[in-house]
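The working numbering numbers the first residue of the sequence shown as 576 and each following residue consecutively.
Treat the hints loosely; a few may be bogus.
[To be verified] Below, simulated EDC-like cross-link-like pairs (lysine to aspartate or glutamate); rule was C-alpha separation at most 20 angstroms, straight line:
1) K634 <-> D746
2) K765 <-> E713
3) K763 <-> D673
4) K641 <-> E713
5) K704 <-> D746
6) K748 <-> D618
7) K641 <-> D700
8) K763 <-> D700
9) K765 <-> D739
10) K612 <-> D673
11) K760 <-> D673
12) K634 <-> E713
13) K625 <-> D746
14) K704 <-> D738
15) K634 <-> D618
16) K763 <-> E713
17) K765 <-> D708
18) K765 <-> D700
19) K641 <-> D746
20) K763 <-> D614
21) K765 <-> D738
22) K641 <-> D738
23) K760 <-> D739
24) K748 <-> D738
25) K641 <-> D708
26) K641 <-> D739
27) K634 <-> D739
28) K765 <-> D614
29) K763 <-> D708
30) K641 <-> D614
31) K765 <-> D673
32) K634 <-> D738
Rather than coming from a laboratory, the hints here were simulated on the basis of the structure.
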Amino acid sequence: MFKFSWLKSNSLALALALTTTAAIPALVPQVAQAATKADINNDAMAALNKLYAGNPTAKLIGGRAKAILIFPSIVKAGLVFGGSYGEGELLQNGGVADYYNSFSGSWGLQAGAQSYGYAVFLMSDSAVKYLHDSSGLEIGVGPTVVVVDDGVARNLSTSTLKDDAYAFIFDQKGLMAGVSIEGTKISKIKQ
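Starting from the given sequences, assemble the full structure and let the hints guide the process.
Pasting the structure below:
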């Protein structure tokens, strides 16, 4: 006879595992099928306009940025081991300069799935040069990237913009708590 004592003591872990398992198939088709350039362009512009409409600080920084990396939809899933992936573009000199993907892997106490978008505003010529010379960047390595939350946003103005890059996370949906882009690898999509 099977004893249910393990099940009772680990019901939260089991519930999270079942929820994650159920959510992942719904998210995978979005990642499994590579987006066309037109899809990325449309989604990126819509996401950037939505970010600007809801966040005046992002619009202020965007007006001063040398270039903008915009990732309209990142899908993240994990159960102890996790990962995230999405595609986006680099806007520079009034148009699309190139296409990039965003990838991260993680492990630890995590269970669930979520989606979100983010934009990285490159403020200096050296940050843009670093991105082009290395065909990408890793958040936390290379140019200084400040992740802007509500507290940071209240203290930013055109006179306080001193860092190489500012990142805004937006449109978070799903079953995981919090979003971190630290360690995210951004790579140029080979065409």
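Now the hints, each set against the structure:
no., hint, in the structure
1, K634 <-> D746, "holds (16 angstroms)"
2, K765 <-> E713, "holds (17 angstroms)"
3, K763 <-> D673, "holds (7 angstroms)"
4, K641 <-> E713, "holds (18 angstroms)"
5, K704 <-> D746, "violated (29 angstroms)"
6, K748 <-> D618, "holds (16 angstroms)"
7, K641 <-> D700, "holds (7 angstroms)"
8, K763 <-> D700, "holds (18 angstroms)"
9, K765 <-> D739, "violated (25 angstroms)"
10, K612 <-> D673, "holds (10 angstroms)"
11, K760 <-> D673, "holds (16 angstroms)"
12, K634 <-> E713, "violated (24 angstroms)"
13, K625 <-> D746, "holds (9 angstroms)"
14, K704 <-> D738, "holds (15 angstroms)"
15, K634 <-> D618, "holds (18 angstroms)"
16, K763 <-> E713, "holds (12 angstroms)"
17, K765 <-> D708, "holds (15 angstroms)"
18, K765 <-> D700, "violated (23 angstroms)"
19, K641 <-> D746, "violated (24 angstroms)"
20, K763 <-> D614, "holds (17 angstroms)"
21, K765 <-> D738, "violated (29 angstroms)"
22, K641 <-> D738, "holds (13 angstroms)"
23, K760 <-> D739, "holds (17 angstroms)"
24, K748 <-> D738, "violated (29 angstroms)"
25, K641 <-> D708, "holds (16 angstroms)"
26, K641 <-> D739, "holds (10 angstroms)"
27, K634 <-> D739, "holds (17 angstroms)"
28, K765 <-> D614, "holds (17 angstroms)"
29, K763 <-> D708, "holds (11 angstroms)"
30, K641 <-> D614, "violated (24 angstroms)"
31, K765 <-> D673, "holds (10 angstroms)"
32, K634 <-> D738, "holds (17 angstroms)"
Hint check: violations occur at hints 5, 9, 12, 18, 19, 21, 24, 30; the rest are consistent with the structure.
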